[in-house]
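Engineer: What follows is the residue order along each chain.
2 protein chains.
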Amino acid sequence: MNFNLNLPTRVYFGQGSIKNMEGELKDYRKVMLLYGGGSIKRNGLYDEVIEVLKGAGKDFVEFGGIEPNPRYRSVLAASEVCVAEGVDLILAVGGGSVIDAAKAVALRSRHMEIDFWDLMRNPRYLEGAISVGTILTLAATGSETNCGFVLTNLKREEKLGHGNPNVYPKFAIMDPGYTKSVPRSHTRNGIVDTIAHLLEQYFTPLSDQDVLTDLMLERIERLIKNTMAVGPKLLGDLNNYSYREEHMYYAYMGLNGEIAGKVKRGDWASHGIEHALSAVYDIAHGAGLSIVFPHWMDYVVERKPERVKRMAVNIFEVEDKGSDLAIAREGIERFRKYLRRIEAPLTPRDEGIDQLDIDKVMHAAFARDSVLGHYVKLEEKDVRAIFESMK
Amino acid sequence: MNFNLNLPTRVYFGQGSIKNMEGELKDYRKVMLLYGGGSIKRNGLYDEVIEVLKGAGKDFVEFGGIEPNPRYRSVLAASEVCVAEGVDLILAVGGGSVIDAAKAVALRSRHMEIDFWDLMRNPRYLEGAISVGTILTLAATGSETNCGFVLTNLKREEKLGHGNPNVYPKFAIMDPGYTKSVPRSHTRNGIVDTIAHLLEQYFTPLSDQDVLTDLMLERIERLIKNTMAVGPKLLGDLNNYSYREEHMYYAYMGLNGEIAGKVKRGDWASHGIEHALSAVYDIAHGAGLSIVFPHWMDYVVERKPERVKRMAVNIFEVEDKGSDLAIAREGIERFRKYLRRIEAPLTPRDEGIDQLDIDKVMHAAFARDSVLGHYVKLEEKDVRAIFESMK
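Protein chains in written order, with this note's numbering: chain A, 20 to 410; chain B, 20 to 410.
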């Protein structure tokens with residue numbers, strides 16, 4: 020039951036928190052401003068950031084166009100620029116995709132000699148990385164304060180995650196106001212993503228008979244319930260600062276590593292399965308998780324109902340009466356009902372995937388690992404059955 | 020409702036976590052081993068630490084004898100040694116007193132030119148400090164992972180706290196096994212201290228109508244209830260690893276700054292009042308808090324019952340029926356009952372103070388601040404009334 024914990028990112032949370040950025044820039048000479056499709060130009064944040072950079076007298080270079088499901092090839096291109104320009108701080112302005120890309124660029128730029136995709140497939144510790152700072156514009160992944168990143172290699176149809184403590188962002192500017200212009204669909208995906216990250220940790224293989232594990236599970240239950248409560252309110256009032264603030268806070272708590280203290284190992288099979296879906300079909304991560312998670316639950320509940328049952332009772336308020344399996348199944352049904360209520364997809368078809376190519380997604384799901392998950396360990400035949408159940 | 024958050028200490032929690040220390044030592048040339056009255060020599064930890072230092076090939080110097088309620092004069096003496104010996108890491112092996120002293124020594128050693136007690140009385144930011152690492156031997160204060168410290172100046176009969184982000188410990192070795200030999204009285208004081216730290220943050224002036232504040236208050240309630248539950252079990256079985264582990268975890272969560280994220284400002288008047296008591300009478304901090312906190316509650320409940328009432332209902336399970344004031348008072352009564360149950364002191368007399376010298380403790384309480392507390396702001400006449408009520 021031991022754990023190590025390190026949350027080194029300096030968090031500045033709240034309206035106007037960008038005022039802290041100038042102080043954070045003082046140790047750097049050359050900044051790369053990394054961003055996505057340009058929404059920050061439409062909502063004025065781009066101008067605000069440029070103003071701070073100029074005000075601080077910083078030399079900077081821009082790299083825009085980071086894709087949702089950030090591409091490996093963009094990471095390669097951006098790191099060439101970093102090296103050529105002598106960048107020593109990557110300032111990621113965006114959501115999880117831009118921030119994930121920034122971390123990968125930061126690591127790759129100090130290790131240009133290695134085959135970086137080989138690193139993703141054969142994870143190992145590398146010393147050193149360019150510093151990363153983040154300005155969050157979409158609440159979802161918690162990437163703004165953790166050291167993980169996920170990249171998509173479209174050519175190989177693989178999507179893999181990796182982590183390195185050297186890419187913990189040095190600072191995170193988290194102003195809920197910056198997320199007000201996020202459209203409904205992305206906001207919904209962000210809500211699902213937040214719930215999914217919390218659920219992955221909820222499905223730790225650790226027993227809740229241990230009092231500290233139980234305490235963590237209770238905390239996760241509370242965070243999920245709060246996220247689920249604010250979801251429809253936010254989707255009905257996208258411009259509401261308080262709802263945006265709540266969601267940003269839960270997303271941050273969901274994957275900042277703090278929960279993971281005691282609950283060291285979550286399940287994460289649903290993430291592996293979702294990464295396969297989005298590697299092949301390039302759908303949004305949150306949308307993929309909405310499809311995958313209930314199907315994963317349908318499958319594992321037969322083998323190991325206990326945590327699903329706990330979820331049913333403590334999160335979805337199913338009456339604790341009858342067989343564990345029946346209670347657990349009712350919990351999954353209510354989870355689907357919630358996802359339907361916020362108009363999240365439940366099947367590949369809902370995301371426009373009419374013919375799920377099982378062989379392709381199976382390749383992607385097992386591109387690196389031979390077993391997925393920890394609550395229940397899933398082999399190829401199990402994951403195949405889960406994909407089949409989605410058809 | 021904005022907040023900044025930074026928890027940079029690398030935490031290694033659990034049995035055998037000292038194995039991580041060698042890696043943490045690699046950047047340092049000269050270590051000061053700082054400890055207290057020598058209990059670490061009796062329980063074998065001293066030998067273990069020396070072995071790691073020698074195994075890592077580190078040059079080191081020892082400074083033992085740090086007092087409970089660490090003395091200003093010890094800080095001055097230890098920093099002379101640090102400067103003379105070129106120490107670049109202070110390794111604090113002990114409880115909150117030794118760790119607090121280490122932080123003060125770390126800061127003072129880089130600022131030998133200033134009057135350090137003047138800094139304590141007129142807090143300001145200072146750049147730079149020697150690095151600090153901690154090996155915790157007593158669960159209580161959370162000092163192992165935060166940047167605060169409290170010093171006692173016996174000559175002036177003052178006890179003041181200060182904080183500086185440069186003295187966040189770089190690492191914390193938190194092995195509950197090391198606390199097994201802590202005697203019953205110190206263990207009990209540690210339990211009271213943990214509860215008191217949580218309560219100080221519980222009595223934030225922020226309204227629980229805000230959903231994120233409410234979430235934090237709920238978390239504090241859970242941590243207090245868990246601490247109160249494990250308290251008597253631990254006191255009845257001091258050698259039990261699981262109970263020691265629970266307490267160490269709650270104490271860490273109680274004051275690592277994480278809770279303080281949203282609940283930025285607690286109350287802390289009881290701490291101010293306790294510091295006055297222990298400045299004059301040199302009693303243990305936990306014992307002082309046990310005396311002060313219920314008396315503080317008796318006083319503030321008349322002016323502002325709401326949070327005391329919430330405490331009564333949510334922590335002490337008082338039935339939510341009748342007037343707020345009556346419910347709140349019943350909560351205070353149950354808190355006293357709990358303290359009595361674990362044989363913690365309730366009056367100065369219980370700690371051997373037969374004649375409380377009100378003028379002396381009043382001087383100490385207002386040595387720096389002219390108002391104490393945030394839930395209710397206490398002026399001199401209020402604090403005098405609280406001291407009078409203890410007689």
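In case anyone wonders, no lab produced these hints; they're calculated from the structure. One or more of the hints may lead you astray.
Treat identical chains as interchangeable: a pair holds within one or across any two.
[Unchecked claim] In silico SDA-like cross-links for lysine to any residue, where the CA-CA straight-line distance does not exceed 20 Å:
1) K199 / N21
2) K73 / D388
3) K379 / R143
4) K252 / N141
5) K189 / G147
6) K77 / N39
7) K356 / D134
8) K38 / N21
9) K340 / E67
10) K38 / N23
11) K189 / N25
12) K45 / P184
13) K252 / D229
14) K340 / A96
15) K244 / D227
16) K252 / L231
17) K73 / G255
18) K252 / D66
19) K199 / L231
20) K49 / D134
21) K174 / E104
Engineer: Could you figure out if K174 and E104 sit no more than 20 Å apart (CA to CA) within one copy, between two copies, both or neither?
Structural biologist: neither (28 Å within a copy, 59 Å between copies)
Engineer: What label fits K189 with G147 when the C-alpha limit is 20 Å: within, between, both, or neither?
Structural biologist: Result: close both inside a copy and across copies, 14 Å intra and 18 Å inter.
Engineer: For K199 and N21, with the copy left unspecified, which applies at a CA distance of at most 20 Å: within, between, both, or neither?
Structural biologist: between (40 Å within a copy, 17 Å between copies)
Engineer: Classify it for me, K252 with N141: is the Cα-Cα distance of at most 20 Å met within a copy, between copies, both or neither?
Structural biologist: neither (43 Å within a copy, 47 Å between copies)
Engineer: I want to check one pair: K252 and D229. Are their C-alpha atoms no more than 20 Å apart within a copy, between two copies, both, or neither?
Structural biologist: between (35 Å within a copy, 15 Å between copies)
Engineer: When no copy is specified for K38 and N21, does a C-alpha distance of 20 Å or less occur within a copy, between copies, both, or neither?
Structural biologist: between (38 Å within a copy, 12 Å between copies)
Engineer: With identical chains treated as interchangeable, where does the CA-CA distance between K252 and D66 reach 20 Å or less: within a copy, between copies, both, or neither?
Structural biologist: Intra 30 Å, inter 59 Å, cutoff 20 Å: neither.
Engineer: Given identical chains, is K340 near A96, meaning Cα to Cα at most 20 Å, within a copy, between copies, both, or neither?
Structural biologist: neither (57 Å within a copy, 67 Å between copies)
Engineer: One pair to classify: K45 and P184, alpha carbons no more than 20 Å apart. Within, between, both, or neither?
Structural biologist: between (22 Å within a copy, 17 Å between copies)
Engineer: Within, between, both or neither: how does the pair K356, D134 come out at a Cα-Cα threshold of 20 Å?
Structural biologist: neither (44 Å within a copy, 65 Å between copies)
Engineer: Which holds for K189 with N25 at a C-alpha limit of 20 Å: within a copy, between copies, both or neither?
Structural biologist: The answer is both: 12 Å in one copy and 10 Å across copies each meet 20 Å.
Engineer: Checking K379 and R143: alpha-carbon separation at most 20 Å within a copy, between copies, both or neither?
Structural biologist: Cα proximity of K379 and R143: none, with 27 Å in one copy and 61 Å across.
The structure is inconsistent with the numbered hints 2, 3, 4, 7, 9, 14, 17, 18, 20, 21, although it conforms to all the rest.
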